[in-house]
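**Q** Below are the chains, spelled out letter by letter.
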Amino acid sequence: MKRFFEDTRNYFHYVIHSAKSELKAEVAGSYLNWIWWVLDPLCFMLIYAFIFGVVFDGKEKYFAAFIFIGLTCWNFFNKCIQSSVRMVKNNKAIIDKVYVPKFVLAYTRMGIDGFKMLISFGIIVGMLVFFRIPPTWNILYILPLLLLLIIITFAGMTILMHLGVFIEDMHNIVQILLRLLFYITGIFYSVVKRLPEPYGQYALKLNPIAFILNGMRDCLLYGRAPNVKLMLVWMVIGITVAAIGVRIIYKYENGYVKVI
Amino acid sequence: MQENAIEVKGLCVNYRCLKSFSVKKSFFKLRKTKVEIHEAVKNVTFNVPKGGIMGIVGKNGSGKSTLLRALAGIFSADSGTVNLHGNSISLLAIGVGFQKALSGRENIYLSGMLLGFSREEIDSKLAEIIAFAGLGKFINMPVKTYSSGMYSKLAFSITAILETDIILIDEVLSVGDAKFKKKSYAKMQELIFDNDRTVVIVSHSSETIRNLCNTVMWLHDGAIKMIGDANTVMDEYDKFMK
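Chains as they are written, first to last, in the numbering used here: chain D, 1145 to 1404; chain Z, 834 to 1075.
The set of hints was computed from the structure by calculation and includes no laboratory data.
What you are looking at is a predicted structure, and each value in this text was computed from that prediction instead of being measured.
Honestly, I wouldn't trust all of these hints.
[Stated by the list, open to error] DEER-style ranges, computed between Cβ atoms:
| hint | chain 1 | residue 1 | chain 2 | residue 2 | range |
| --- | --- | --- | --- | --- | --- |
| 1 | Z | H1037 | D | I1160 | 39 to 45 angstroms |
| 2 | Z | N1064 | D | I1160 | 55 to 61 angstroms |
| 3 | D | I1283 | Z | D956 | 38 to 44 angstroms |
| 4 | D | Y1175 | Z | D956 | 48 to 54 angstroms |
| 5 | D | A1369 | Z | S981 | 58 to 64 angstroms |
| 6 | D | M1379 | Z | H1053 | 36 to 42 angstroms |
| 7 | Z | H1037 | D | L1262 | 48 to 54 angstroms |
| 8 | D | I1263 | Z | D956 | 26 to 32 angstroms |
| 9 | D | I1263 | Z | E1023 | 47 to 53 angstroms |
| 10 | Z | S951 | D | I1195 | 47 to 53 angstroms |
| 11 | D | L1284 | Z | S951 | 32 to 38 angstroms |
[To be verified] The calculated lysine-lysine pairs, modelled on PhoX-like cross-linking and capped at a C-alpha distance of 25 angstroms, are:
| hint | chain 1 | residue 1 | chain 2 | residue 2 |
| --- | --- | --- | --- | --- |
| 12 | Z | K970 | D | K1164 |
| 13 | D | K1395 | Z | K842 |
| 14 | D | K1164 | Z | K958 |
| 15 | Z | K958 | D | K1168 |
| 16 | D | K1233 | Z | K842 |
| 17 | Z | K875 | D | K1395 |
| 18 | Z | K970 | Z | K958 |
| 19 | Z | K1020 | Z | K1072 |
| 20 | Z | K933 | D | K1223 |
[To be verified] Partial chain D-side listing against chain Z, Cβ under 8 angstroms, derived:
| hint | residue |
| --- | --- |
| 21 | Y1158 |
| 22 | S1162 |
| 23 | S1165 |
| 24 | A1169 |
| 25 | A1172 |
| 26 | V1242 |
| 27 | Y1243 |
| 28 | N1398 |
Idealized CB from N, CA, C, for every residue including glycine.
Chain D on its own, in the form it takes in the complex (with noise of 0.2 angstroms):
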């Protein structure tokens, strides 16, 4: 365990050098550059907003700013979980040739999108005072509900690295959840209103993603405060989960270069 800070204190600046340089390789050869960052997230929300507001009549107060706050978080969720998977195969130049603990990679992977996460808030924020929505202290919950997203992201990446080593199936699998989750979560409907009783509150307490998802539209929308003991409980099984991840990885890493 306290290897595990030590390495992250270590490696923090590289981590902060190889998101960015990443980001910039990202967008060097584009003609609108980082405006994509905002556009991107935004014609998605545009799209998800025609479809499931016009096409399938949603019915959610300020609709377009629920879904945009479905999708950002979502968005982070997804693809650190997807990239996790073949995350080592991935860095295989970099792995072959110096030793990092392989959980480095999984933060830089969530610095990328974390940034890209932080846009979109930016967008929120703007969406908030375009719908005149008022804003009440509620809305500090979102600090922590950011905070528990982040962890239960780094627990599934680092289980998944580790399993997507050895398990070349794994991609396939991971996508297939990803897109159950993905309806299941209810980025585009309110899972409580929509799923017939008791099945709502299941999928809203079970998912913590969900569970995620409608804490930051209550805070952020409605200035509600979010079920805080169920928050807890959510953080205690996530730094659990990270911390047998991080456990497994420090055990089996030396060995991943043999394998891919």
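Following the hints, put chain Z in place on chain D, whose structure we already have.
**A** Structure of chain Z alone, referenced to chain D:
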């Protein structure tokens, strides 16, 4: 001699059952999982004194690169120990963590940080690295526009100038054009005359080994066949290879 920089005791590295498998395959083969073990390095014991230069020779597939990686901490040893006495170590490797769309300058930082140097340390060496690589205006161009020679020149310069206590070199002395080769060779010699630096070189060139190393280890099928004074071992080795 004096204190040792590297102590290796009974090192074994196996490649084995940790093969990646597909779920489908493992359903069918659940019962007859054969564990295949390939011993890449078998029970190797040696010391390198501080400031010493050791060469490793052997035919292809005799475990030289595996041994280097085990020293660098990239592989875990299956048994035996590697004791580096707290020295920093780097594997002189081509293009660690390069981002191809970014400029050479950015990649120096990226690569250097990956090797465990701080931003300030790289800042102070930056000019030297750029001068040594001799890429001219290309240093500010994306790495993907580089020719393969330029690419390796940059990579070599980064690791050669950002000095660690122990340097492991795997067949990279033949990098770049004739001029750069000379320069890198001179740099190697400079590193070698530095009494604090310990170097382990893997090479197929018997001339390089004779010129640079004090001791040579000859690996054959993962085990040490001979170890000792450079010229004696190399004489035997050359005879063997003929």
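**Q** If a hint holds in the structure, say so; if it doesn't, say that too.
**A** Results for each hint:
Taken as a hint, the range 39 to 45 angstroms holds for the pair H1037 of chain Z and I1160 of chain D, whose Cβ atoms sit roughly 40 angstroms apart. A beta carbon spacing of about 50 angstroms between N1064 of chain Z and I1160 of chain D contradicts the range 55 to 61 angstroms that was offered as a hint. Distance hint check for I1283 of chain D and D956 of chain Z: the Cβ-Cβ separation is about 41 angstroms, which falls inside the suggested range of 38 to 44 angstroms. The hinted window of 48 to 54 angstroms between Y1175 of chain D and D956 of chain Z is violated, with their beta carbons roughly 33 angstroms apart.
Checked against the given bound of 58 to 64 angstroms, the beta carbons of A1369 of chain D and S981 of chain Z, roughly 59 angstroms apart, stay inside it. In this structure the hint that M1379 of chain D and H1053 of chain Z lie 36 to 42 angstroms apart at CB is violated, the actual value being about 56 angstroms. At roughly 51 angstroms, the beta-carbon separation of H1037 of chain Z and L1262 of chain D lies within the given 48 to 54 angstroms, and the hint holds. In this structure the supplied range 26 to 32 angstroms holds for I1263 of chain D paired with D956 of chain Z, their Cβ-Cβ distance being about 29 angstroms.
The supplied range of 47 to 53 angstroms is met by I1263 of chain D and E1023 of chain Z, whose beta-carbon atoms lie about 48 angstroms from each other. S951 of chain Z and I1195 of chain D have their C-beta atoms about 50 angstroms apart, which keeps the hinted 47 to 53 angstroms range intact. Between L1284 of chain D and S951 of chain Z the beta carbon distance is about 35 angstroms. The supplied range of 32 to 38 angstroms therefore holds. Between K970 of chain Z and K1164 of chain D the CA atoms are separated by roughly 23 angstroms; this keeps the pair inside 25 angstroms, and the hint holds.
For a cut-off of 25 angstroms, the pair hint linking K1395 of chain D to K842 of chain Z stands: about 21 angstroms separates their Cα positions. This hinted pair checks out: K1164 of chain D and K958 of chain Z have alpha carbons roughly 21 angstroms apart, not beyond 25 angstroms. At most 25 angstroms may separate the alpha-carbon atoms for a hinted pair to count; K958 of chain Z and K1168 of chain D meet this at roughly 24 angstroms. With a C-alpha separation of about 31 angstroms, the suggested pair K1233 of chain D and K842 of chain Z falls outside the 25 angstroms cut-off, and the hint is violated.
For the proposed pair K875 of chain Z and K1395 of chain D, the alpha carbon gap of about 22 angstroms is at most 25 angstroms, so the pair holds. Between K970 of chain Z and K958 of chain Z the alpha-carbon distance is near 18 angstroms, which keeps this suggested pair within the 25 angstroms criterion. Of the pairs offered as hints, the one joining K1020 of chain Z and K1072 of chain Z is violated, with about 30 angstroms between alpha carbons and a cut-off of 25 angstroms exceeded. Annotation: proposed proximity of K933 of chain Z to K1223 of chain D holds, straight-line Cα distance about 22 angstroms (limit 25 angstroms).
For Y1158 of chain D, the interface hint holds, the least distance from its beta-carbon to any beta-carbon of chain Z being 4 angstroms, beneath 8 angstroms. Using the Cβ-Cβ criterion of 8 angstroms, the hint placing S1162 of chain D at the interface with chain Z is satisfied: the shortest such distance is roughly 6 angstroms. Proximity of S1165 of chain D to chain Z holds as hinted, the smallest CB-CB distance being about 5 angstroms (cut-off 8 angstroms). With its C-beta approaching chain Z no nearer than about 4 angstroms, A1169 of chain D sits inside the 8 angstroms limit, and its interface hint holds.
With 8 angstroms as the threshold, the beta carbon of A1172 of chain D comes within range of chain Z, its nearest partner Cβ sitting at about 4 angstroms, so the hint holds. Annotation: V1242 of chain D was flagged as interfacial toward chain Z, and the flag holds, the nearest CB pair being 6 angstroms apart, inside 8 angstroms. Interface hint at Y1243 of chain D: satisfied, since its Cβ lies 4 angstroms from the closest Cβ of chain Z, which is below the 8 angstroms cut-off. Taken as an interface hint, N1398 of chain D checks out: its beta carbon lies about 3 angstroms from the nearest beta carbon of chain Z, inside 8 angstroms.
When the structure is compared with the earlier hints, violations turn up for hints 2, 4, 6, 16, 19 and for no others.
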